[in-house]
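Peer 1: Sequence:
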Amino acid sequence: MRIAVLSETEGAETRVAATPETAKKYKALGADVAIQAGAGAKAGIPDAEFEAAGASVVASREEALKDADIILKVRRPAEGELAGAKPGALLIAIMDPYGQEAALKGLADSKVAAFSMELMPRITRAQVMDVLSSQANLAGYRAVIDATAEYGRAMPMMMTAAGTVPAARVFVMGAGVAGLQAIATARRLGAVVTATDVRPAAKEQVESLGAKFIAVEDEEFKQAETAGGYAKEMSAEYQAKQAALVASHIAKQDIVITTALIPGRPAPKLVTKAMVETMKPGSVIVDLAVERGGNCEVSKPGKVADYKGVKIVGHLNVPGRLAATASSLYAKNLYAFVETLVDKESKALSVKWDDELVKATCLTRDGAVVHPAFQPKA
Numbered sequence: 375m376r377i378a379v380l381s382e383t384e385g386a387e388t389r390v391a392a393t394p395e396t397a398k399k400y401k402a403l404g405a406d407v408a409i410q411a412g413a414g415a416k417a418g419i420p421d422a423e424f425e426a427a428g429a430s431v432v433a434s435r436e437e438a439l440k441d442a443d444i445i446l447k448v449r450r451p452a453e454g455e456l457a458g459a460k461p462g463a464l465l466i467a468i469m470d471p472y473g474q475e476a477a478l479k480g481l482a483d484s485k486v487a488a489f490s491m492e493l494m495p496r497i498t499r500a501q502v503m504d505v506l507s508s509q510a511n512l513a514g515y516r517a518v519i520d521a522t523a524e525y526g527r528a529m530p531m532m533m534t535a536a537g538t539v540p541a542a543r544v545f546v547m548g549a550g551v552a553g554l555q556a557i558a559t560a561r562r563l564g565a566v567v568t569a570t571d572v573r574p575a576a577k578e579q580v581e582s583l584g585a586k587f588i589a590v591e592d593e594e595f596k597q598a599e600t601a602g603g604y605a606k607e608m609s610a611e612y613q614a615k616q617a618a619l620v621a622s623h624i625a626k627q628d629i630v631i632t633t634a635l636i637p638g639r640p641a642p643k644l645v646t647k648a649m650v651e652t653m654k655p656g657s658v659i660v661d662l663a664v665e666r667g668g669n670c671e672v673s674k675p676g677k678v679a680d681y682k683g684v685k686i687v688g689h690l691n692v693p694g695r696l697a698a699t700a701s702s703l704y705a706k707n708l709y710a711f712v713e714t715l716v717d718k719e720s721k722a723l724s725v726k727w728d729d730e731l732v733k734a735t736c737l738t739r740d741g742a743v744v745h746p747a748f749q750p751k752a
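Position 260 of the sequence shown, counting from 1, maps to 634 under the numbering used here, and the rest follow consecutively.
Do not take every clue at face value.
As a list, the in silico BS3-like pairs of lysine-lysine whose alpha-carbon atoms are at most 30 Å apart [unchecked claim]: (1) K674 - K606; (2) K685 - K626; (3) K643 - K674; (4) K654 - K674; (5) K706 - K479; (6) K643 - K615; (7) K577 - K647; (8) K721 - K706; (9) K485 - K460; (10) K626 - K577; (11) K626 - K647; (12) K606 - K647; (13) K460 - K398; (14) K440 - K721; (15) K615 - K626; (16) K677 - K647; (17) K674 - K416; (18) K479 - K460; (19) K460 - K751; (20) K416 - K460; (21) K586 - K626; (22) K586 - K596; (23) K751 - K479; (24) K685 - K654; (25) K733 - K606; (26) K401 - K721; (27) K586 - K606; (28) K399 - K485; (29) K606 - K577; (30) K440 - K479; (31) K654 - K643; (32) K606 - K751; (33) K654 - K615; (34) K706 - K733; (35) K440 - K718; (36) K586 - K647.
Hints were generated in silico from the structure; no laboratory data involved. Since we're looking at a predicted model, the values are computed, not measured.
Produce the entire structure from the sequences given, and follow the hints as far as they go.
Peer 2: Structure follows, in structure tokens:
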């Protein structure tokens, strides 16, 4: 059994799909591990560390792919990147499959069995494989660090001989994994934190971290969660009431962090241009949904924009801004999944195609797109 770990070709991607720690674990499973040279360089992992863990470092992508049974990546491979992969090899990565019919057809045509890690079901057994949570957690932390770097003032209240410095006021929009970590980090730095979310369960979580919950708590609010724990799309009437409450609140904030994403849809617009105009010059907005169109009307992907004195931070691939930590967690998520696909006794691949984890994540197999949610439109 051979596992290939490829370098990332996407310019903004700094993460890597394996670490020396997981390479050792794959060796213990009975696998030979081939790492494409330089794959870990941007995450601060030199080739020598992979070699010391028992992996072989190969010069090219083609060499890594040759005879590989499992191919590990962070992002979905670009067109032509799988040339030379053997038919039936398992490709495991963050696939970003929504609205990507041509890319999924390309994966099917390359004859690999492609698995999308972000489709992992939210069940107890799969918690250790949940890449959305592991990466969002880091994004929430980094959002506060980036906001602090752009904000020209101190975060905590300071009582000094020269006078008192007031604490920064931070408002977190969306209290999922990223939002809760942002709340916790801002609180650690001494800010006064408020937060909002459309899911009723979030109120208790927000308050348990010492932040104040802001929302229109009507009947619709009480029903606003899907069975999978995601936020439902709210009615126009509710959105208008919530927007009015949020608009008056945002005007008083120093830092706003937006984290709202609905899988497979463009990011909802939470902060309008008019709301930004009510904020004080020197305030900061960090938009964590910028890759999906952004929660803020004036954010610019990949840039720190200035709109009438308010800085709008729109960094791409925020978990990748903590490349070493993000790679370490992502590699562990991958290992936990791969481990379920290997027979411990024979030390060979043994995929149980009817397993709920496999069914939930398998996009392509035997030259066809097999996932029911991503069937090509007639």
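Peer 1: Work down the list of hints and note, for each, if the structure agrees.
Peer 2: Structure-based check of all given hints:
1. A C-alpha spacing of about 26 Å is found between K674 and K606, which places the hinted pair at or below 30 Å, so the restraint holds.
2. Between K685 and K626, the direct Cα distance comes to roughly 15 Å. Compliance with the 30 Å bound is thereby established for this hinted pair.
3. With a CA separation close to 13 Å, the supplied pair K643 and K674 stays within the 30 Å bound.
4. Taking the CA atoms of K654 and K674, the gap is near 20 Å; set against the 30 Å cutoff, the hint holds.
5. Between K706 and K479 the alpha-carbon distance is near 29 Å, which keeps this suggested pair within the 30 Å criterion.
6. For the hint linking K643 to K615, the alpha-carbon distance of about 14 Å falls within 30 Å, and the restraint holds.
7. Simply put, K577 and K647 have alpha-carbon atoms about 27 Å apart, close enough for the 30 Å limit, and the pair holds.
8. The hinted pair formed by K721 and K706 meets the criterion: a straight-line CA distance of about 19 Å does not exceed 30 Å.
9. Distance check on the hinted pair: K485 and K460 sit about 8 Å apart at the alpha-carbon level, within 30 Å; holds.
10. Using a Cα cut-off of 30 Å, the hinted pair K626 and K577 holds, with the two alpha carbons roughly 21 Å apart.
11. Pair hint K626 plus K647 holds up; C-alpha atoms about 16 Å apart against a cutoff of 30 Å.
12. About 24 Å separates the Cα atoms of K606 and K647, which keeps this hinted pair within 30 Å; it holds.
13. As the CA atoms of K460 and K398 are separated by approximately 24 Å, the hinted pair is consistent with the 30 Å bound.
14. As the CA atoms of K440 and K721 are separated by approximately 20 Å, the hinted pair is consistent with the 30 Å bound.
15. Distance check on the hinted pair: K615 and K626 sit about 18 Å apart at the alpha-carbon level, within 30 Å; holds.
16. Note on K677 and K647: the hinted pairing holds, with a Cα-Cα distance of about 17 Å set against a maximum of 30 Å.
17. Restraint check for K674 and K416: satisfied, since their Cα atoms lie roughly 24 Å apart, inside the 30 Å limit.
18. Note on K479 and K460: the hinted pairing holds, with a Cα-Cα distance of about 17 Å set against a maximum of 30 Å.
19. Distance check on the hinted pair: K460 and K751 sit about 28 Å apart at the alpha-carbon level, within 30 Å; holds.
20. Straight-line distance between C-alpha atoms of K416 and K460 comes to about 28 Å, which keeps the hinted pair within the 30 Å bound.
21. Straight-line distance between C-alpha atoms of K586 and K626 comes to about 14 Å, which keeps the hinted pair within the 30 Å bound.
22. In summary, the hint linking K586 to K596 is supported, as the alpha carbons are separated by about 18 Å, within the 30 Å threshold.
23. A distance of roughly 12 Å separates the Cα atoms of K751 and K479; the hinted pair therefore holds under the 30 Å criterion.
24. In summary, the hint linking K685 to K654 is supported, as the alpha carbons are separated by about 10 Å, within the 30 Å threshold.
25. Taken as a hint, the K733 and K606 pair is honoured in the structure, with Cα atoms around 24 Å apart against an allowance of 30 Å.
26. Note on K401 and K721: the hinted pairing holds, with a Cα-Cα distance of about 10 Å set against a maximum of 30 Å.
27. Between K586 and K606 the alpha-carbon distance is near 22 Å, which keeps this suggested pair within the 30 Å criterion.
28. With a CA separation close to 27 Å, the supplied pair K399 and K485 stays within the 30 Å bound.
29. As the CA atoms of K606 and K577 are separated by approximately 16 Å, the hinted pair is consistent with the 30 Å bound.
30. For the given pair, K440 sits about 22 Å from K479 by alpha-carbon distance, which is consistent with the 30 Å threshold.
31. Distance restraint check for K654 and K643: the Cα-Cα separation of roughly 20 Å lies within the 30 Å cut-off, and the hinted pair is therefore satisfied.
32. This hinted pair checks out: K606 and K751 have alpha carbons roughly 25 Å apart, not beyond 30 Å.
33. Between the alpha carbons of K654 and K615 the distance comes to roughly 23 Å, so the proposed pair stays at or under 30 Å and holds.
34. Distance check on the hinted pair: K706 and K733 sit about 21 Å apart at the alpha-carbon level, within 30 Å; holds.
35. For the proposed pair K440 and K718, the alpha carbon gap of about 24 Å is at most 30 Å, so the pair holds.
36. Our distance criterion of 30 Å between C-alpha atoms is met by K586 and K647, whose separation comes to about 25 Å.
Checked against the numbered hints given earlier, the structure satisfies every one of them.
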